[in-house]
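> Here the structure of chain L is known, so what remains is to put chain W in place on it, guided by the hints.
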Amino acid sequence: DTAVSQTPKYLVTQMGNDKSIKCEQNLGHDTMYWYKQDSKKFLKIMFSYNNKELIINETVPNRFSPKSPDKAHLNLHINSLELGDSAVYFCASSRNGQPNEKLFFGSGTQLSVL
Amino acid sequence: AQSVTQLGSHVSVSEGALVLLRCNYSSSVPPYLFWYVQYPNQGLQLLLKYTSAATLVKGINGFEAEFKKSETSFHLTKPSAHMSDAAEYFCAVSDRGTSYDKVIFGPGTSLSVIP
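First to last, the sequence lines map onto chains L and W.
So in my numbering, spot 110 of the first sequence is number 128, and the numbers just go up one at a time.
So in my numbering, spot 13 of the second sequence is number 1158, and the numbers just go up one at a time.
Chain L on its own, in the form it takes in the complex (with noise of 0.2 Å):
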């Protein structure tokens, strides 16, 4: 079984679409994330959930915006994508959010903006 799931691993779009990205996590853990990896594979956070609660919103435009229906999911949702959204998403979640704990990271979702 995997621990942190996420799907489509590719996408492929274009420019002025909407899209999600679907993430589930069968850790029982309370806390979920979203992290953007650049072509350059510098990564950076976008949000966290605890408990279905927003925790962390990094600077990320509005038109990206994450929902968490119940604590094992966190799907992310972009609207009117844009050339330069284009990169690898990655869920991750930890047991209860510390800062000492451990992130498990799902194996990603390539996004292409053409």
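Do not rely on the hints blindly, as some may be mistaken.
Stated by the list, open to error - Here are the simulated BS3-like pairs of lysine-lysine, each with C-alpha atoms no more than 30 Å apart in a straight line:
id, chain 1, residue 1, chain 2, residue 2
1, W, Lys1214, L, Lys120
2, L, Lys40, L, Lys54
3, L, Lys70, L, Lys54
4, L, Lys37, W, Lys1214
Stated by the list, open to error - The calculated label-pair distances, taken between Cβ atoms and stated as ranges, are:
id, chain 1, residue 1, chain 2, residue 2, range
5, L, Lys62, W, Gln1187, 34 to 40 Å
6, L, Ser38, W, Lys1214, 43 to 49 Å
7, W, Leu1165, L, Glu100, 28 to 34 Å
8, L, Thr25, W, Ile1259, 33 to 39 Å
9, W, Asp1240, L, Leu101, 32 to 38 Å
10, L, Glu100, W, Ser1257, 30 to 36 Å
11, W, Leu1201, L, Glu76, 21 to 27 Å
12, L, Lys59, W, Thr1222, 17 to 23 Å
If you're looking for bench data, these hints aren't it; they were derived computationally from the structure.
Since we're looking at a predicted model, the values are computed, not measured.
From the three backbone atoms N, C-alpha and C, an ideal C-beta is built for every residue, glycine too.
Only chain W this time, still in chain L's reference frame:
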């Protein structure tokens, strides 16, 4: 604000040679420190972490790292490189003073192992 630097975006070693990947942090209070590894087309996996116990931390796959407060460093080492160690390695920090972690990742070091 916390920051992490990793000296050397690319490191090449011969199989069997010592692996040394450098990480320095900037913080007046020692943070929590982590090393993660990312294999091609995969997510990151934790190699090891420093939380405040022993300054020499042992991780998976034969890796270890030493926390040196005086040098604000947390370098990663492995005595003998294997071909399977070729990957991207990320040093990361999080602030002890926060209730919820905001892990800051370094820019990464790509490790190549030459047969």
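> Taking the numbered hints from earlier one at a time, note which ones the structure violates and give those numbers from smallest to largest.
Violated hints: 4, 5, 7 and 11; rest satisfied.
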